[in-house]
Amino acid sequence: MSLTLRLQARVSSGPRTFRLDIDWQTSAQRIVIHGPSGAGKSLTLQALAGLLRPSAGRLAIGDTVLFDHTAGIDLPARQRQLGYVFQDYALFPHLDVRQNVAFGLQPGLRNPLRGARDPRVEHWLDALGLRLVAAQAPHTLSGGQRQRTALARALVSSPRALLLDEPFSALDPALRSRMRDELEQLLDQLRLPLVLISHDAEDLARFGEATLALAEGTRHDAR
Amino acid sequence: MSLTLRLQARVSSGPRTFRLDIDWQTSAQRIVIHGPSGAGKSLTLQALAGLLRPSAGRLAIGDTVLFDHTAGIDLPARQRQLGYVFQDYALFPHLDVRQNVAFGLQPGLRNPLRGARDPRVEHWLDALGLRLVAAQAPHTLSGGQRQRTALARALVSSPRALLLDEPFSALDPALRSRMRDELEQLLDQLRLPLVLISHDAEDLARFGEATLALAEGTRHDAR
Amino acid sequence: ATPCQAADLTVSAAVSLSNAFRALAARFEAEHADTHVLLNFAASDALLAQITKGAPVDVFASADQDTMDKAATRQLIDPASRENFVRNRLVLITPLPGGLRLKSLADLSLPEVHHLVMGRPEGVPAGRYARAALQEIGLWPALESRTIFAQNVRQALDYVVRGEVEAGFVYATDAALQVDRVQVAFEVPTGRPITYPVAAIAGSPQPVLARQFIHFLASPSSQAILAGFGFEKP
Amino acid sequence: MDGALFQLAWPALTLSLRVAAWATAINLLLGVATGFALARLRWPGINLLDAVLTLPMVLPPTVLGYYLLVLLGRRGLVGNWLAQHFGITLIFTWQGAVIAATLVAFPLVLKAARTAFEQIDPQLEQAGRVLGLNEAAIFLRISLPLAWRGILAGGLLAFARALGEFGATLMVAGSIPGRTQTLSVAIFEAVQAGEDTLANMLVLITSTACVLILVCAGRLAPASPSSRRAQ
Amino acid sequence: MDGALFQLAWPALTLSLRVAAWATAINLLLGVATGFALARLRWPGINLLDAVLTLPMVLPPTVLGYYLLVLLGRRGLVGNWLAQHFGITLIFTWQGAVIAATLVAFPLVLKAARTAFEQIDPQLEQAGRVLGLNEAAIFLRISLPLAWRGILAGGLLAFARALGEFGATLMVAGSIPGRTQTLSVAIFEAVQAGEDTLANMLVLITSTACVLILVCAGRLAPASPSSRRAQ
Ligand SMILES: Nc1ncnc2c1ncn2[C@@H]1O[C@H](COP(=O)(O)OP(=O)(O)OP(=O)(O)O)[C@@H](O)[C@H]1O
Ligand SMILES: Nc1ncnc2c1ncn2[C@@H]1O[C@H](COP(=O)(O)OP(=O)(O)OP(=O)(O)O)[C@@H](O)[C@H]1O
Ligand SMILES: [Mg+2]
Ligand SMILES: [Mg+2]
Chain L
198 MSLTLRLQAR
208 VSSGPRTFRL
218 DIDWQTSAQR
228 IVIHGPSGAG
238 KSLTLQALAG
248 LLRPSAGRLA
258 IGDTVLFDHT
268 AGIDLPARQR
278 QLGYVFQDYA
288 LFPHLDVRQN
298 VAFGLQPGLR
308 NPLRGARDPR
318 VEHWLDALGL
328 RLVAAQAPHT
338 LSGGQRQRTA
348 LARALVSSPR
358 ALLLDEPFSA
368 LDPALRSRMR
378 DELEQLLDQL
388 RLPLVLISHD
398 AEDLARFGEA
408 TLALAEGTRH
418 DAR
Chain R
198 MSLTLRLQAR
208 VSSGPRTFRL
218 DIDWQTSAQR
228 IVIHGPSGAG
238 KSLTLQALAG
248 LLRPSAGRLA
258 IGDTVLFDHT
268 AGIDLPARQR
278 QLGYVFQDYA
288 LFPHLDVRQN
298 VAFGLQPGLR
308 NPLRGARDPR
318 VEHWLDALGL
328 RLVAAQAPHT
338 LSGGQRQRTA
348 LARALVSSPR
358 ALLLDEPFSA
368 LDPALRSRMR
378 DELEQLLDQL
388 RLPLVLISHD
398 AEDLARFGEA
408 TLALAEGTRH
418 DAR
Chain S
559 ATPCQAADLT
569 VSAAVSLSNA
579 FRALAARFEA
589 EHADTHVLLN
599 FAASDALLAQ
609 ITKGAPVDVF
619 ASADQDTMDK
629 AATRQLIDPA
639 SRENFVRNRL
649 VLITPLPGGL
659 RLKSLADLSL
669 PEVHHLVMGR
679 PEGVPAGRYA
689 RAALQEIGLW
699 PALESRTIFA
709 QNVRQALDYV
719 VRGEVEAGFV
729 YATDAALQVD
739 RVQVAFEVPT
749 GRPITYPVAA
759 IAGSPQPVLA
769 RQFIHFLASP
779 SSQAILAGFG
789 FEKP
Chain X
346 MDGALFQLAW
356 PALTLSLRVA
366 AWATAINLLL
376 GVATGFALAR
386 LRWPGINLLD
396 AVLTLPMVLP
406 PTVLGYYLLV
416 LLGRRGLVGN
426 WLAQHFGITL
436 IFTWQGAVIA
446 ATLVAFPLVL
456 KAARTAFEQI
466 DPQLEQAGRV
476 LGLNEAAIFL
486 RISLPLAWRG
496 ILAGGLLAFA
506 RALGEFGATL
516 MVAGSIPGRT
526 QTLSVAIFEA
536 VQAGEDTLAN
546 MLVLITSTAC
556 VLILVCAGRL
566 APASPSSRRA
576 Q
Chain W
346 MDGALFQLAW
356 PALTLSLRVA
366 AWATAINLLL
376 GVATGFALAR
386 LRWPGINLLD
396 AVLTLPMVLP
406 PTVLGYYLLV
416 LLGRRGLVGN
426 WLAQHFGITL
436 IFTWQGAVIA
446 ATLVAFPLVL
456 KAARTAFEQI
466 DPQLEQAGRV
476 LGLNEAAIFL
486 RISLPLAWRG
496 ILAGGLLAFA
506 RALGEFGATL
516 MVAGSIPGRT
526 QTLSVAIFEA
536 VQAGEDTLAN
546 MLVLITSTAC
556 VLILVCAGRL
566 APASPSSRRA
576 Q
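Chains as they are written, first to last, in the numbering used here: chain L, 198 to 420; chain R, 198 to 420; chain S, 559 to 792; chain X, 346 to 576; chain W, 346 to 576.
In short, the hints are calculated from the structure, not lab data.
This one's a predicted model, so the numbers in the text were calculated from it and none came from an experiment.
All C-beta atoms in this analysis are idealised placements derived from N, C-alpha and C, irrespective of residue type, glycine included.
From the structure, some residues in chain R lie toward chain W, with a derived Cβ separation under 7 Å:
(1) ALA274
(2) ARG275
(3) TYR281
(4) HIS291
(5) PRO304
(6) LEU306
FRET-style restraints, in silico, Cβ to Cβ:
(7) S:LEU701 x W:TRP426: 45 to 55 Å
(8) S:SER667 x X:ALA538: 20 to 30 Å
(9) W:ALA349 x X:TRP388: 32 to 42 Å
(10) W:PRO389 x L:ARG311: 18 to 28 Å
(11) X:TRP388 x S:ALA581: 48 to 58 Å
(12) X:ALA538 x S:ALA581: 26 to 36 Å
(13) R:GLY312 x L:ARG314: 49 to 59 Å
(14) L:ALA398 x X:ALA378: 49 to 59 Å
(15) L:ARG314 x R:GLU319: 51 to 61 Å
Full structure from sequences and hints, please.
Dropping the structure here:
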């Protein structure tokens, strides 16, 4: 693919305003964004997902223009077809693990039923080791189980690209490397583009076909 | 110190029941608990903090008996004087970062005022790089900033011991190593006992005077 | 709680008297310096309930004899002070414009009269009088099913004003409030005259002033004011 | 219960329940829609609008009933139009009682719904958008279930209020025994007529019915899942 | 506003506001305490208790007023005791009106508070315990601020309801202009006396005052912080 990441945006809270100003382009298929805490990594991903509207710039993944200020294009989040793992998971508290994972498969007006089984859902529950907790509510999950549920929910609906915000941070090393394998296999199979935020050297080595280093809201130093 | 960790407990959610059954004792001052996701690490820490009541067993840190089923002792959480970083932070959404950090210093009926400055609070805001976001509400923080705020809140009120649940997982490597130094210095200064949950080899090496490996709710293999 | 001052006189009166009594109270205060008349208006039975439960009332003016009789039975009033101070008439009214032309109670059984309204006989004196009048001539069984029972005369009047019913029983004083929108078809004969009693409350701390107020109601100037609101001499 | 009481109370009770149920159902629809709009729209005058919509609570029901009569009556604006075009009369019918009860109880559901929708973590709705849901689906699959507990609490209050409503009802629907006489009206009349025993019996019946229904309906909301954090 | 109207409306307005303010304040205290207890206690009968406490909504206010009269009157159980021991009479006083309005509006705050307390993430209260706070401090520093928006919504409804209350008030406090005649009672009387213009004017005054107060009071709740997630 090619990723065009040109954006200016600002968020403010009380006295403080944080400015994001990035101009970067790559033809890589797998991209890792890294940088110190508070650099603006998550905000960048939110802009890509359509949850933060830049004040100017252009965002594109492959041939799909997600946002173009001058052309007046701003694809709504629901049409971007991206698999997004939020840094704090954003699991639906009123649904159990299985329903959370199945959520995006069913675009209609009704939530997946509590007992319903979909082979795609069951596949990912198994792959991510969630079978045992499939009927539990999110607030009864361990940290790592929450993270894996969020990952499964993003992966299951065959998105156009994956946006993962530190998706392995709460996992133990063994599980983490299993998840990496699982993810890589999926990317190879479906030729999915990936934008990954991670602090982990291993992730950088494995998925960082191109890397973007951010600091204080702007591009710092491409490794 | 010495840590006595003998407990049986169970939590259930719908069809599933998870059992915790640990019998371990150590005279080490710094302990790291590790093990796969869902092993019961966080529940163990909750039992130590007084948030999960075991059905049997004995918990003690140094000379202080926190819980003893046969002796009928169950020190309430607020009298245990422990510094606890929750895995998902549990920041107070109605208070800004500075107020969150100052929260435990003031045991009375009123929350710290928005503008109030306490040297101990300011020290930790600086040490953890939170000065810039001190007046922000938790929901406007980045993941790493949230984690550091939770850490500062636990450290500031000179607890009897520290219970940290993956306290560096959302931090970039540079920050993480600075935080480790900061933590070690504090432990040395105040001779604070530490119970740390971490998946990070570096943490294990640095703080794992003794380590407890958990799997499926029970002691697995002491490294 | 503020204790009643020496010159406070609390008068509980039926709502239908409110306009007239406001004017009267002002006159009474003018004639009796240092006296302050506190008026309390509600439905007669609500007033009776209040007095029964010990409300600090000095004078009670009811819209019907039954309520006052109950007060007398319960020994709440000073029986010697009881007087009838006005008389009212029951009338049948129809809406304006375009109301039916009814000449007698018998016309109420015409098919054009889909609904008629009266006060609920169990609670509203005007309704009792109306029902008695219909029972007298044997029409009540036929008319009962088309009758709407209002909670008070005012509500009955409203239904006629709005044309929701073809006819209604109200007092002449009520009909006078809406001369443009209702017409009085005829006066309804009632067995005994409709008179309003007033009495001093037993054990009132103001027995003298209470008596004075009751006498004042009977004075020609007061009767003139009452006549201005459509009431007649008892 | 002796025969006479039963004959009076039974139709009044069923009518009361029917009126209150309809009023609650209508208010749930209207209140949820309006509450959601107030919670999400960012207009400057939104709080003013909210306050104005609370006014039915402030006016004495009798007065409200009087205004309703002016509006819905045969010569009223709406009433006239309804009668001419559809041949519908509302005055002296139980449907009229439903309208009165609905109006009186509306602010209860509105406020509860608005507050409940405002408490929802916006990130959850965003997660739904990213997963491809349109706004209608987000509302039905995320916002409404998460707000449901709060809305239900308002709905139960509205039900109770509708059951107890009599000032406006009396004005609009009249008090025709067996047709438009609700339990509340019957109680009021019994008290007015000084029939204390009858009044007490009727109060007992209303209270029992209401408590039963509130307790049962209270179970319609899941105890905790939606009320607890998930992250 | 002409002189006569002003003379009637001004004391009625100030009295109404005083009564409603007191009733709301008392209800906030009682409702928050009871609501918190209902939200936290795990008794099996708790929903039954909740439903019973909702009953003041179900009974027609006049009937409620009648029962209050029976209880608080000079010859009533409580009234007699108060009169004998403290020389206090409540009938025909504005304090009596406060009691009536408080009773009528109580369920509104109760339900709102219970729902708001139930929505709180229990982990936040646990965090407070670990930080050394006792239960009173947890309540004041964590639970109450987090529930405040919901409670306030209930409080505003209660204020509106207390302002509009006239059935029970009329029974207990009577309708003495300048002393116990609230605006609602005055409106009711004006409608009864056929003085439609006066009634409309009074309705306008009440509505304006109420909207003003609701809009201002609505600002007492922070817009978002406490209503948004933090984790
Ligand atoms: N809604 C908001 N209002 C104000 N400031 C915000 C808001 N959201 C984020 N910020 C600020 O923007 C900055 C960048 O946030 P972001 O979440 O993108 O950081 P990050 O690079 O993902 O850091 P981390 O690694 O800690 O997750 C932070 O300093 C944060 O405080
Ligand atoms: N309230 C609860 N109800 C039911 N099950 C629970 C509850 N809390 C935790 N569990 C289960 O207990 C097990 C242990 O949870 P715990 O949070 O201690 O795991 P952990 O070792 O901390 O894992 P992680 O590294 O993923 O955080 C998990 O399988 C979890 O699903
Ligand atoms: Mg981030
Ligand atoms: Mg854990």
